[in-house]
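Trainee: Chains as they are written, first to last, in our numbering: chain U, 26 to 384; chain W, 26 to 384.
Keep in mind the hints are simulated off the structure, nothing from the lab. Careful: at least some of the hints might be erroneous.
You can't tell identical chains apart in this list, so a pair holds if it fits in one copy or across any two.
[Claimed, not checked] Each computed DSS-like pair below joins lysine-lysine, with the alpha-carbon atoms no more than 30 Å apart:
no.: 1; residue 1: K99; residue 2: K195
no.: 2; residue 1: K202; residue 2: K343
no.: 3; residue 1: K145; residue 2: K343
no.: 4; residue 1: K367; residue 2: K202
no.: 5; residue 1: K338; residue 2: K195
no.: 6; residue 1: K376; residue 2: K195
no.: 7; residue 1: K281; residue 2: K367
no.: 8; residue 1: K343; residue 2: K369
Computed from a predicted structure; not experimentally measured.
Number of protein chains: 2
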Amino acid sequence: MRYCVIMCGGVGSRFWPYSREACPKQFLDFFGSGRSLLQMTFDRILDIVPAERIILLTNRRYAPLIREQLPDIKEENILLEPARRNTAPCICWAAKHIAARDPEGSMVVLPSDHLVLKEKAFHEALLKGFEFVEGGDRLLTLGIRPSSPHTGYGYIQKSSPIDGTEGFYKVRSFTEKPDLELAKVFLSSGEFYWNAGIFLWSAKSILKAFRLYDPETAAVFDRGDGLYAGSEETDFIDRAFPSAPSNSIDYAVMEKARNVYVETVDIGWSDLGSWKALYEISPRDADGNVTQNCRLIQQDCHDTVFAISDREKIVVAKGLNNYVISDTGNALVIYPIEDEQKIKQIVNDVKDRFGEHYV
Amino acid sequence: MRYCVIMCGGVGSRFWPYSREACPKQFLDFFGSGRSLLQMTFDRILDIVPAERIILLTNRRYAPLIREQLPDIKEENILLEPARRNTAPCICWAAKHIAARDPEGSMVVLPSDHLVLKEKAFHEALLKGFEFVEGGDRLLTLGIRPSSPHTGYGYIQKSSPIDGTEGFYKVRSFTEKPDLELAKVFLSSGEFYWNAGIFLWSAKSILKAFRLYDPETAAVFDRGDGLYAGSEETDFIDRAFPSAPSNSIDYAVMEKARNVYVETVDIGWSDLGSWKALYEISPRDADGNVTQNCRLIQQDCHDTVFAISDREKIVVAKGLNNYVISDTGNALVIYPIEDEQKIKQIVNDVKDRFGEHYV
């Protein structure tokens, strides 16, 4: 049977204060559509995997938000990490859980806070991907054709195509966050794709890969065999999970395994990983401004993002170019978009100087 | 006996949204000192006029704010206008009220929302002013030596000095809001002073002047003779006041009367009539920024005013020069200070388009 694992434990500090630790990006109605990014992710996968086989992986503090936003998800499908250990331990646990429910099960891993605009292409890509990984011991990742030499993404280099399939390639190499020169080379070569963080495999294959390439993590979770998807799973995880090393699935497995493949797709993807990314995919007014939620009265503003949590708030602005205005509760940010990577450091400073309740 | 009339019915739309119709400028703790501008005005006059002879003139909707901010003021000293009719009808009523309590009474009229930094000079000016108006049938206004060719003020041209006094002059002319060229001529001539809206006279003299120069208003309030400062005053005013023509004391009396004098004073005065005025008298950080209330983390901001109603709010800003950032409840303004006169029109637009609860 096919399962879906939605990863929704991120804290989203890049969109502070619009996004908060108490309510990160994936739980926000980013586009004023009435659905949060998580809900949109859930809605999008429902045609491929039914609700009873969609598993939510998140930090304990977000359990109430998940229950509120996805009331159709049964309690046993919400897996709560007792500690933050990056993606590898989460995925290993999810694979163990799924294997306990169906030893032959396959799974797709989805980020909860990305945007996919081409839903039909996404569905087709996942269906083809499931067939591909169900046909052998293969680890598959989705690759997005790069549109710019972005230095914040991981890049996948494709190798030879796979006979009898279209759009599937053996992976030659992974490169995490290249510098700009290298990213430009990648872009012009035509061999490199962005790593969207969407993975498909059978539970059996990924568990085998963990045992081969990240035996320490595999050992932590092997000790729970017989308990997964049962009444003692939570107790076991609460004890064992914190002892797993913090690592990403890319470093732990994907960059080392020999049976890694990429499916190159065109699904209208954005990781919404920055104000710039949000700006690029959002509808804009005639002056290039993006308005999230608020009522804007602007003069002579251009290419500026207004992200205001209070839908009733009126913003009056003049003469701002390439800014982000982010206003939520006890914090207001007025910052040039091009410097947005500095906001993360400021959030840390604010936390240190003024306290947790600001972040 | 000496009385003081504090005018506190203004709506303060120039500082929107920091100042709101529901809580205008005079009721705000503008400087984070713990006292509102009204309270500062009250504190400042107490050495000259005791609380039982300080009269508050305001719009009905502000009565609760006055009771809250000035608990020492007795109910009979709060005069509530049933309608907005500018300053002339208010002052005529106040003079009638004072004359009923003491036919020989004199009075000083004070705006509630101005700043006076030199308290000692202010006290001396008022004591000399009271003596001056108690010595004859004289209408006195305080004149401030202009420091710039401001086009938003009224100017008083002094004439011959008064024998036996220092700093008192007969008034030659009043000019309301001159254009810039004229204001420059005024400034260089040395004969012109800003009209601070602070007036002194005996109740008898100002009532006589109303009968001579604004007989329509005088007639409205003459009909209440015998009722002022008594149990029927409020009923009478509620009926009669709305029929008084809307007019300023300057137009109604000061520009017409022959017995008008100016006392030139140096009292560290600011009308706080604009963000620019606020900026000029406020303490600034090393980059010239003024912070009202909020916690500011700024980079590369200069000569910018941050006026945030929520003292706990953190503002993160970069690269703003000569801006005002004003954030209160359901409205946020990010606007160049030099264009601030346009904010008033925007407030009207906001009111029309989105409703009263925004202003």
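Trainee: Hint by hint, note whether the structure agrees.
Mentor: Hints, one by one, checked against the model:
Proximity of K99 and K195 under a CA criterion of 30 Å is satisfied in neither setting, with 37 Å inside one chain copy and 87 Å between copies. For a Cα distance limit of 30 Å, the shortest separation of K202 from K343 across copies, 27 Å, qualifies, whereas the shortest one inside one copy, 36 Å, does not. For the identical chains of this complex, K145 and K343 are neighbours neither inside a copy (41 Å) nor across copies (42 Å), given an alpha-carbon limit of 30 Å. Proximity of K367 and K202 under a CA criterion of 30 Å is satisfied intra-copy only: 17 Å inside one chain copy versus 47 Å between copies.
When the C-alpha separation of K338 and K195 is checked against a cutoff of 30 Å, the pair qualifies neither within a copy, at 51 Å, nor between copies, at 52 Å. For the identical chains of this complex, K376 and K195 are neighbours neither inside a copy (44 Å) nor across copies (62 Å), given an alpha-carbon limit of 30 Å. With identical chains, the CA atoms of K281 and K367 are never at most 30 Å apart, being 32 Å at best within one copy and 63 Å at best between copies. With identical chains, the CA atoms of K343 and K369 are at most 30 Å apart both within one copy (26 Å) and between copies (14 Å).
Comparing the model with each earlier hint shows violations of hints 1, 3, 5, 6, 7; every other hint is respected.
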